[in-house]
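Chemist: Here the protein sequences line up with chains A and B, keeping their order. For the working numbering, count along the first sequence from 1 and bump the result up by 65. For the working numbering, count along the second sequence from 1 and bump the result up by 65.
You may find that some hints are simply not true.
Repeated chains share a single entry, so a pair holds when one copy, or any two copies, can fit it.
[Stated by the list, open to error] Dumping the calculated DSS-like pairs for lysine-lysine here, alpha-carbon to alpha-carbon at most 30 Å:
#1 K476 <-> K486
#2 K171 <-> K476
#3 K162 <-> K181
These aren't lab readings, by the way, just hints derived from the structure by calculation. No experiment lies behind these values; they were computed from the predicted model shown.
Protein chains: 2
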Amino acid sequence: MNNFVIRGDICYSTDKATINTIENGYAVCENGISKGVFENLPIEYSDYELFDYSDKLVLPAMSDLHTHAPQFAFSGLNMDAELIEWLSSSAFLEEAKYSDLGYAQKAYSIFADVLKNSVTTRACIFATLHKDATKVLMEQLENTGLCTFVGKVNMDRNSPDNLCEESSDKSVEDTVLWINETKDKFENTKPILTPRFIPSCTGELMKNLSEIQKEYNLPVQSHLSENKDEIKWVQELCPDSKNYGDAYDSFGLFGTDAKTVMAHCVYSSDDEVELMKQNGVFVAHCPASNINLSSGIAPVRRYLDNDLKIGLGTDVAGGHSVSLFRAIADTVQVSKLYYRLVDENAKPVTFNEAFYLATIGGGEFFGKVGSFEKDYEFDAVVIDDSVLPHPQALGVHERLQRAVYLNADFKGITAKFVKGKKVI
Amino acid sequence: MNNFVIRGDICYSTDKATINTIENGYAVCENGISKGVFENLPIEYSDYELFDYSDKLVLPAMSDLHTHAPQFAFSGLNMDAELIEWLSSSAFLEEAKYSDLGYAQKAYSIFADVLKNSVTTRACIFATLHKDATKVLMEQLENTGLCTFVGKVNMDRNSPDNLCEESSDKSVEDTVLWINETKDKFENTKPILTPRFIPSCTGELMKNLSEIQKEYNLPVQSHLSENKDEIKWVQELCPDSKNYGDAYDSFGLFGTDAKTVMAHCVYSSDDEVELMKQNGVFVAHCPASNINLSSGIAPVRRYLDNDLKIGLGTDVAGGHSVSLFRAIADTVQVSKLYYRLVDENAKPVTFNEAFYLATIGGGEFFGKVGSFEKDYEFDAVVIDDSVLPHPQALGVHERLQRAVYLNADFKGITAKFVKGKKVI
Chain A
66 MNNFVIRGDI
76 CYSTDKATIN
86 TIENGYAVCE
96 NGISKGVFEN
106 LPIEYSDYEL
116 FDYSDKLVLP
126 AMSDLHTHAP
136 QFAFSGLNMD
146 AELIEWLSSS
156 AFLEEAKYSD
166 LGYAQKAYSI
176 FADVLKNSVT
186 TRACIFATLH
196 KDATKVLMEQ
206 LENTGLCTFV
216 GKVNMDRNSP
226 DNLCEESSDK
236 SVEDTVLWIN
246 ETKDKFENTK
256 PILTPRFIPS
266 CTGELMKNLS
276 EIQKEYNLPV
286 QSHLSENKDE
296 IKWVQELCPD
306 SKNYGDAYDS
316 FGLFGTDAKT
326 VMAHCVYSSD
336 DEVELMKQNG
346 VFVAHCPASN
356 INLSSGIAPV
366 RRYLDNDLKI
376 GLGTDVAGGH
386 SVSLFRAIAD
396 TVQVSKLYYR
406 LVDENAKPVT
416 FNEAFYLATI
426 GGGEFFGKVG
436 SFEKDYEFDA
446 VVIDDSVLPH
456 PQALGVHERL
466 QRAVYLNADF
476 KGITAKFVKG
486 KKVI
Chain B
66 MNNFVIRGDI
76 CYSTDKATIN
86 TIENGYAVCE
96 NGISKGVFEN
106 LPIEYSDYEL
116 FDYSDKLVLP
126 AMSDLHTHAP
136 QFAFSGLNMD
146 AELIEWLSSS
156 AFLEEAKYSD
166 LGYAQKAYSI
176 FADVLKNSVT
186 TRACIFATLH
196 KDATKVLMEQ
206 LENTGLCTFV
216 GKVNMDRNSP
226 DNLCEESSDK
236 SVEDTVLWIN
246 ETKDKFENTK
256 PILTPRFIPS
266 CTGELMKNLS
276 EIQKEYNLPV
286 QSHLSENKDE
296 IKWVQELCPD
306 SKNYGDAYDS
316 FGLFGTDAKT
326 VMAHCVYSSD
336 DEVELMKQNG
346 VFVAHCPASN
356 INLSSGIAPV
366 RRYLDNDLKI
376 GLGTDVAGGH
386 SVSLFRAIAD
396 TVQVSKLYYR
406 LVDENAKPVT
416 FNEAFYLATI
426 GGGEFFGKVG
436 SFEKDYEFDA
446 VVIDDSVLPH
456 PQALGVHERL
466 QRAVYLNADF
476 KGITAKFVKG
486 KKVI
């Protein structure tokens with residue numbers, strides 16, 4: 066049995082626009098599932114173990130829908146480069162190192178440790194094309210207690226010689242081996258199909274991945290409409306597709322029965338957005354990456370108004386920080402520049418909306434995740450925001466804003482629970 | 066005598082485009098002045114005290130050209146509001162509290178402590194209109210050992226009743242009293258004339274401030290061309306002025322003999338830029354504030370190409386972070402969005418250029434400040450970047466990028482020297 070109560074200043078979204086805050090409240094976990102939040106502890110839970118985090122902020126599951134574990138090593142480096150130069154001079158060079166399992170062990174243990182000590186409780190993670198290094202990453206992540214989907218990357222064309230699978234057959238073979246070796250091995254770490262993006266995968270590979278997806282019922286992650294040159298390239302590679310998303314869809318790898326998350330969606334056309342909505346494709350909004358690589362700003366207000374499924378991604382190392390607190394503040398910030406510089410009708414995203422995206426928005430990809438309301442899987446992140454002194458009295462919602470904008474997570478992470486288990 | 070040597074991994078700009086890095090180098094301070102940086106310690110300094118910061122980054126003076134001490138209390142709060150709503154619902158409400166000296170003591174001691182433990186060694190700081198609270202701030206700052214200019218704010222019109230001086234005469238009287246009480250009182254903390262901005266100061270007040278400026282030879286700080294509505298308003302208030310900067314200039318408070326720094330300059334016209342250049346007015350570029358208040362993005366590439374005097378400002382609490390590391394990364398980031406969304410001919414600001422702005426660019430406002438080259442005033446900031454683990458070998462310049470982007474300053478500040486004195 067895994068039953069306990071957390072006492073603290075509890076914050077969680079009740080809808081996109083609203084964060085419910087309960088000062089000195091109680092969040093109850095029974096067998097890894099939330100029984101709800103209470104101002105006074107109901108008598109039936111009075112003999113549960115009590116974790117007393119009085120005067121600390123208690124937040125629900127925070128989900129990172131898009132990040133690259135092997136790129137963590139160079140986060141913050143070479144940020145003057147644009148996408149294509151950055152890929153060849155940083156991303157591909159670093160990823161090629163993961164053919165060396167010793168390097169993978171060392172690098173992934175650092176990444177796993179940093180992720181464990183961040184506010185993230187759930188994540189969708191790209192590894193590299195190397196199946197053995199990907200297994201190393203999955204073992205490391207399993208040890209953190211976090212819940213993650215991890216993908217061995219597929220790339221069999223338009224890639225550097227030292228980071229390209231030798232054939233689509235070999236890519237498929239490695240993928241099937243990797244899936245069979247990992248799908249039942251871990252409690253919290255599961256495989257996700259990961260074609261890097263259309264330009265790096267032949268049609269033959271994509272068709273085979275679709276068969277694999279159906280056979281193993283795996284989720285899918287990839288990149289979509291990150292920048293304009295990339296979109297043109299996809300149009301040339303797939304001349305029959307109506308748009309970039311349609312190219313994935315034509316291979317059966319764009320939502321519907323295949324639970325799918327697509328990173329970026331900065332320049333999605335109206336029909337691509339409509340297709341995402343129809344197929345239930347998740348958007349992973351990665352504001353820091355879209356700035357750093359000079360991609361632009363994704364129209365999040367439009368996605369919110371269209372009721373698309375959408376959450377946040379840190380996209381390390383296009384994004385330079387693993388912090389979902391940064392991603393929340395970045396989301397609000399870039400939406401203001403979008404409003405000012407691109408479309409004055411696109412009302413900036415509010416703090417409450419961005420918090421919703423980081424919790425319930427992204428959490429939905431992992432099941433009933435991202436809230437303390439009854440029946441949600443019980444994750445909790447405890448932040449000691451007294452690391453940020455201030456002279457005046459502040460309410461819980463104000464302290465939450467301050468903790469997020471001023472990155473209280475860098476110094477103030479006190480405890481973390483995932484599926485009812487204490488991991489920090 | 067105040068002679069010593071710092072050993073460490075030393076980084077400083079030699080020109081706008083270049084950062085010189087010396088691994089295991091020596092920076093020599095003699096009576097508060099740099100004698101230069103050496104790969105091997107010259108024999109004549111071998112009996113100087115040695116501070117051994119091996120494997121740590123050693124950076125020169127970092128200058129924050131624009132920040133509001135009383136607003137620190139609400140940094141990160143109410144960030145959904147736009148400028149005018151934010152001023153009335155946050156900035157003015159908070160500033161009015163500083164009529165209470167007890168509150169000022171408490172709040173300013175927190176601000177001073179946070180600033181002391183940041184990477185900042187020099188700063189231009191707005192207080193409030195309250196002369197006694199401003200003196201409290203100056204005392205607190207003097208105790209930190211940092212070098213700062215601090216301004217009692219002038220505002221005698223278009224301001225809320227509880228935050229408006231009762232007449233221009235009273236504003237002038239308080240200003241003169243405050244100057245006389247503080248100008249020779251502190252070693253490192255000096256008064257700076259601080260008309261809030263044209264809309265909040267009557268012409269009569271501005272004329273008098275110009276007389277005071279001449280009499281005491283004080284520097285000047287204010288706001289310029291932050292957003293379009295503000296510029297229109299100034300045009301209505303000063304119909305004879307050619308532009309917003311010209312309005313300050315007509316009162317003699319825009320550079321030339323009055324050393325002047327103007328925050329923002331997001332929408333400066335060509336003739337305003339020309340006037341800034343002619344008069345040697347400093348631009349305080351405040352990227353985070355310009356995003357948070359939906360102002361826009363200042364054209365820093367244009368200012369660099371025009372050889373304007375320019376440095377960085379955190380503009381707390383329009384900006385939410387006191388960190389100049391954040392301001393450096395923000396400067397690169399917003400310049401990329403400017404390039405992508407506003408003007409594809411405006412090449413993004415590089416990391417090296419942004420580092421230059423934070424060190425030599427802003428340092429010039431304080432004298433020969435911002436470098437370890439010979440004859441510069443000796444400030445040094447020591448950062449332990451081992452708080453950011455990575456699996457691969459990195460050069461000093463790469464470690465500097467990583468330290469800045471990933472905010473090593475939040476956990477890794479090890480020591481700080483200002484004018485040759487150790488303050489941390």
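Chemist: So, against the hints stated earlier in the document, which numbers end up violated here?
Modeler: none
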